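*Asks:* Quick note, the sequences are listed as chains A and B, same order. The opening position of the first sequence corresponds to residue 0 in numbering that gives the first Met the number 0, with each subsequent residue numbered one higher. The opening position of the second sequence corresponds to residue 0 in numbering that gives the first Met the number 0, with each subsequent residue numbered one higher.
Check the hints yourself; a few may be wrong.
[What the hints assert, rightly or not] Below, in silico cross-link-like pairs of lysine to aspartate or glutamate (EDC-like), each with a Cα-Cα straight-line distance of 20 Å or less:
hint	chain 1	residue 1	chain 2	residue 2
1	B	K333	B	D285
2	A	K167	B	E170
3	B	K206	A	D2
4	A	K87	B	D285
5	A	K158	B	D301
6	A	K159	B	E170
7	A	K159	B	D285
8	A	K158	B	D107
9	B	K241	A	D172
10	B	K149	B	D81
11	B	K206	B	E226
12	A	K87	B	E311
13	A	K87	A	E214
14	B	K149	B	E316
15	A	K159	B	D292
16	A	K157	B	E226
17	A	K158	B	E170
18	B	K271	A	D172
19	A	K159	B	E290
20	A	K159	B	D298
21	A	K158	B	D410
22	A	K158	B	D237
23	A	K167	B	D417
24	B	K259	B	D285
25	B	K217	B	E191
26	A	K159	B	E311
27	B	K333	B	E226
It is worth saying that the hints were derived from the structure and are not from the lab. A quick note: this is a predicted structure, and the numbers were derived from the prediction, not measured.
One letter stands for each residue in the lines below.
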Amino acid sequence: MTDISFYLTLALYGVTTLLYLACLLRSTPCLSGLARKLLVAGFLAHCLAVIHRAIAAGHLPITNMHESLSFFALSIVAAYLYFEFRFKVTSLGSFVLPLVLVLMIGSSVFPGELRPLNPALKSAWIYSHTLLAFGAYAFFTIAGGVAGMYLLQSHFLKKKQLGTLFQKLPSLDTLDEIGYRCLTFGFPMLTVAIITGAIWAAQAWGSYWSWDPKETWSLITWFVFAALLHGRLTTGWRGRRAAWLTVAGFLIMLFTFIGVNLLIPGLHSYN
Amino acid sequence: MNIIVVGLSHKTASVEIREKVAFSPNSIEQPLKALLALEGIVEGVIVSTCNRVEIYATTRDIAGGVGRLRRFLADWHHLPYDTIEPHLYSYHGEAAIRHVFRVASSLDSMVVGEPQILGQIKTSYGYAAEYGSSGIILNRFLHKAFSVAKRVRTETRIASSAVSVSFAAVELARKIFDSLSDKTVLLIGAGEMCELAARHFLTNGAKGVLVTNRTYEKAQRLAEEFEGQALPFEELFDHLHKADIILTSTGAPHFIVTPKDLKEVIQRRRMKPMFFIDIAVPRDIDPAVNELDSIYLYDMDDLQQVVAANLENRMQEAEKAEAIIAEEIVQFAKWIATLEVTPTIVALRRRLDDLRRAELARTLVAWKDAPPDVEKRLDALTTALINKILHQPTIVLKRTGQGNRTDLYLDALRALFDLELGVDEADSPLELEEPPTTP
Numbered sequence: 000m001t002d003i004s005f006y007l008t009l010a011l012y013g014v015t016t017l018l019y020l021a022c023l024l025r026s027t028p029c030l031s032g033l034a035r036k037l038l039v040a041g042f043l044a045h046c047l048a049v050i051h052r053a054i055a056a057g058h059l060p061i062t063n064m065h066e067s068l069s070f071f072a073l074s075i076v077a078a079y080l081y082f083e084f085r086f087k088v089t090s091l092g093s094f095v096l097p098l099v100l101v102l103m104i105g106s107s108v109f110p111g112e113l114r115p116l117n118p119a120l121k122s123a124w125i126y127s128h129t130l131l132a133f134g135a136y137a138f139f140t141i142a143g144g145v146a147g148m149y150l151l152q153s154h155f156l157k158k159k160q161l162g163t164l165f166q167k168l169p170s171l172d173t174l175d176e177i178g179y180r181c182l183t184f185g186f187p188m189l190t191v192a193i194i195t196g197a198i199w200a201a202q203a204w205g206s207y208w209s210w211d212p213k214e215t216w217s218l219i220t221w222f223v224f225a226a227l228l229h230g231r232l233t234t235g236w237r238g239r240r241a242a243w244l245t246v247a248g249f250l251i252m253l254f255t256f257i258g259v260n261l262l263i264p265g266l267h268s269y270n
Numbered sequence: 000m001n002i003i004v005v006g007l008s009h010k011t012a013s014v015e016i017r018e019k020v021a022f023s024p025n026s027i028e029q030p031l032k033a034l035l036a037l038e039g040i041v042e043g044v045i046v047s048t049c050n051r052v053e054i055y056a057t058t059r060d061i062a063g064g065v066g067r068l069r070r071f072l073a074d075w076h077h078l079p080y081d082t083i084e085p086h087l088y089s090y091h092g093e094a095a096i097r098h099v100f101r102v103a104s105s106l107d108s109m110v111v112g113e114p115q116i117l118g119q120i121k122t123s124y125g126y127a128a129e130y131g132s133s134g135i136i137l138n139r140f141l142h143k144a145f146s147v148a149k150r151v152r153t154e155t156r157i158a159s160s161a162v163s164v165s166f167a168a169v170e171l172a173r174k175i176f177d178s179l180s181d182k183t184v185l186l187i188g189a190g191e192m193c194e195l196a197a198r199h200f201l202t203n204g205a206k207g208v209l210v211t212n213r214t215y216e217k218a219q220r221l222a223e224e225f226e227g228q229a230l231p232f233e234e235l236f237d238h239l240h241k242a243d244i245i246l247t248s249t250g251a252p253h254f255i256v257t258p259k260d261l262k263e264v265i266q267r268r269r270m271k272p273m274f275f276i277d278i279a280v281p282r283d284i285d286p287a288v289n290e291l292d293s294i295y296l297y298d299m300d301d302l303q304q305v306v307a308a309n310l311e312n313r314m315q316e317a318e319k320a321e322a323i324i325a326e327e328i329v330q331f332a333k334w335i336a337t338l339e340v341t342p343t344i345v346a347l348r349r350r351l352d353d354l355r356r357a358e359l360a361r362t363l364v365a366w367k368d369a370p371p372d373v374e375k376r377l378d379a380l381t382t383a384l385i386n387k388i389l390h391q392p393t394i395v396l397k398r399t400g401q402g403n404r405t406d407l408y409l410d411a412l413r414a415l416f417d418l419e420l421g422v423d424e425a426d427s428p429l430e431l432e433e434p435p436t437t438p
């Protein structure tokens, strides 16, 4: 059952991604409406798959690469759906959905067998720490996507290249607004995730902070987004350079999440 | 019955001629009545806009009808026929249908795709409907023209892009600022283009206007006109940060805004984007400001390139529109063709005769001990009955001069007796779209 809903999700996301990309070329209300409905269907199937797995495993399904990537994709889709309904920006999907699809394909490549939970992780903290971290990651991913779109749209406007893609992309102000909102949602979540992580670490490993690679890199991610948010709140910092830093922040975050687990062994890598 | 079109437009006549033959909407009733009084003219609609004056009519006598309409345009306005004759065009049959569909779809407009013409035709038709000068054919014809125009509008992107410099500026602004409703426009200098653009920004929701000019009185006058605020030219850089959209057209021989000037402005604006539109030649804004983060600069050349690209795009879309129109003409011409007297009578007679034969055969099969000559007698009886029934309608239909009514009867007969038409559309009753309200 878990497998069925997982592969159904994969298929739905695949079709949805194609539809969103088609929207970039020639969007009709009908096409974008269909894309949105299919995405909601995919999201529901995905929820089902995750819930099934959670019941089978007896804990949150985020303990190996297969589960984490899938859960990350689910968080991104949830955050994306919020912005799509709130701001009516179909073109954002054309940038976010391909990443979701890649994450899901990645997830399907990693072995998916259920394993008993590492005893060190058996704690109520797993919920607050990890759910907040995934939430922050999802918002930062959207922020990275909008920042990329901002750079593209700003490039078109500066160079006077007003083609089809220019017409499909939303206005700079809309992109800026979404990006800022992502920061204000994501940053507090990451902050609390790091704090709860430290408390949990003190209980499980006996030390609040042990410079484990995951911890180090989350701190770097935290500093990048702190700088962005600080600049915005004090001097109203925005525009292209802020967008570049957001993209950088997103890439660092991606490395924190995936790269550290795969490349550098540490307390947080469980594979 | 034939549709004929006679008229002149911006393509065939100068404005001096067009204004002479224009009809005022306030007194359209008399010319419409006079139109119907012309010999052989059954229905009529007069369309009169600043770019065209056209009469749509139906007649059985194409050559005569066209000739009388051409004369009518001159006579009504007390003009010698020779003065307008070279500018007139006339169409009949499918060419007339094509012409009206193209006009309604804005393919014949001065600016292809402009949206006003459809509303103008709707208004003209509203008058004709009100004064009873349009009948079954023109009613359906114009409703069809409206639906064709709607199809063209939704299925092609003929009207989707700006084809004037000031509209192009508004569209670009919408790609920088999502909504213009809380945006302030600053006018530096005066000039027709500049004022026009400012007006477009205001009608598209911009919040307010600031005006500055080397001559403060000019700035005040313009500010009054826009209900905005005038600024002394020397204080420009004290107020620049308040403006989101800046339109410049001064006669200054050098740049009045350079990147250096904007450093502080950008800070004061907390880096919110600014859109500079430089309409002046020589230019007022140093092109280097476009390199600054959050500053977007378009000069006259840039805007004209946008417009040129959009126009080319419209031309491509116009080809798609022509294909849609060709498709709709075929359908409509089929319906018109059904409104002919003789074929309708023949079809009606055939329909009744088929029924008669079928019923006769059934009676005879069931009547085992029928007398020998019964078949002949029943045949004669039923044939005579049908002839009697059809006698009066045939006379009425063939009586000339019934005009509008004849078409109504023909259409009704086709529908009531389900006479083969070959057009789906003819089965459906006229779309009872509400005629446009007349101002």
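*Asks:* None of the hints should be skipped; say for each whether it holds.
*Replies:* Now for the hints, and whether the structure bears them out:
1. For the hint pairing K333 (chain B) with D285 (chain B), the CA-to-CA distance comes to about 63 Å; that exceeds 20 Å, so the pair is violated.
2. Annotation: proposed proximity of K167 (chain A) to E170 (chain B) holds, straight-line Cα distance about 13 Å (limit 20 Å).
3. About 56 Å separates the Cα atoms of K206 (chain B) and D2 (chain A), which puts this hinted pair outside 20 Å; it is violated.
4. Among the hinted pairs, K87 (chain A) with D285 (chain B) is inconsistent with the structure: their alpha-carbon atoms are about 37 Å apart, more than 20 Å.
5. The suggested pairing of K158 (chain A) with D301 (chain B) holds, with an alpha-carbon distance near 10 Å, which does not exceed 20 Å.
6. Between K159 (chain A) and E170 (chain B) the CA atoms are separated by roughly 13 Å; this keeps the pair inside 20 Å, and the hint holds.
7. Between K159 (chain A) and D285 (chain B) the alpha-carbon distance is near 17 Å, which keeps this suggested pair within the 20 Å criterion.
8. Proposed proximity of K158 (chain A) and D107 (chain B) is contradicted: the alpha carbons are some 34 Å apart, above 20 Å.
9. For the hint pairing K241 (chain B) with D172 (chain A), the CA-to-CA distance comes to about 17 Å; that is within 20 Å, so the pair holds.
10. Restraint check for K149 (chain B) and D81 (chain B): the C-alpha separation of about 38 Å exceeds 20 Å, so the hint is violated.
11. Restraint check for K206 (chain B) and E226 (chain B): satisfied, since their Cα atoms lie roughly 11 Å apart, inside the 20 Å limit.
12. Annotation: proposed proximity of K87 (chain A) to E311 (chain B) is violated, straight-line Cα distance about 30 Å (limit 20 Å).
13. Of the supplied pair hints, the one linking K87 (chain A) and E214 (chain A) is violated, its CA atoms being roughly 36 Å apart against a limit of 20 Å.
14. Among the hinted pairs, K149 (chain B) with E316 (chain B) is consistent with the structure: their alpha-carbon atoms are about 14 Å apart, no more than 20 Å.
15. With a C-alpha separation of about 15 Å, the suggested pair K159 (chain A) and D292 (chain B) falls inside the 20 Å cut-off, and the hint holds.
16. Restraint check for K157 (chain A) and E226 (chain B): the C-alpha separation of about 32 Å exceeds 20 Å, so the hint is violated.
17. A distance of roughly 16 Å separates the Cα atoms of K158 (chain A) and E170 (chain B); the hinted pair therefore holds under the 20 Å criterion.
18. As the CA atoms of K271 (chain B) and D172 (chain A) are separated by approximately 9 Å, the hinted pair is consistent with the 20 Å bound.
19. A distance of roughly 13 Å separates the Cα atoms of K159 (chain A) and E290 (chain B); the hinted pair therefore holds under the 20 Å criterion.
20. Distance check on the hinted pair: K159 (chain A) and D298 (chain B) sit about 11 Å apart at the alpha-carbon level, within 20 Å; holds.
21. Proximity of K158 (chain A) to D410 (chain B) is assessed by CA-CA distance (about 60 Å); at most 20 Å being required, the pair is judged violated.
22. A distance of roughly 29 Å separates the Cα atoms of K158 (chain A) and D237 (chain B); the hinted pair therefore is violated under the 20 Å criterion.
23. The hinted pair formed by K167 (chain A) and D417 (chain B) fails the criterion: a straight-line CA distance of about 50 Å is larger than 20 Å.
24. Distance check on the hinted pair: K259 (chain B) and D285 (chain B) sit about 10 Å apart at the alpha-carbon level, within 20 Å; holds.
25. Under the criterion of a C-alpha separation no larger than 20 Å, the hint pairing K217 (chain B) with E191 (chain B) is consistent with the structure, at around 13 Å.
26. Under the criterion of a C-alpha separation no larger than 20 Å, the hint pairing K159 (chain A) with E311 (chain B) is consistent with the structure, at around 17 Å.
27. Between K333 (chain B) and E226 (chain B) the alpha-carbon distance is near 57 Å, which puts this suggested pair outside the 20 Å criterion.
Hint check: violations occur at hints 1, 3, 4, 8, 10, 12, 13, 16, 21, 22, 23, 27; the rest are consistent with the structure.
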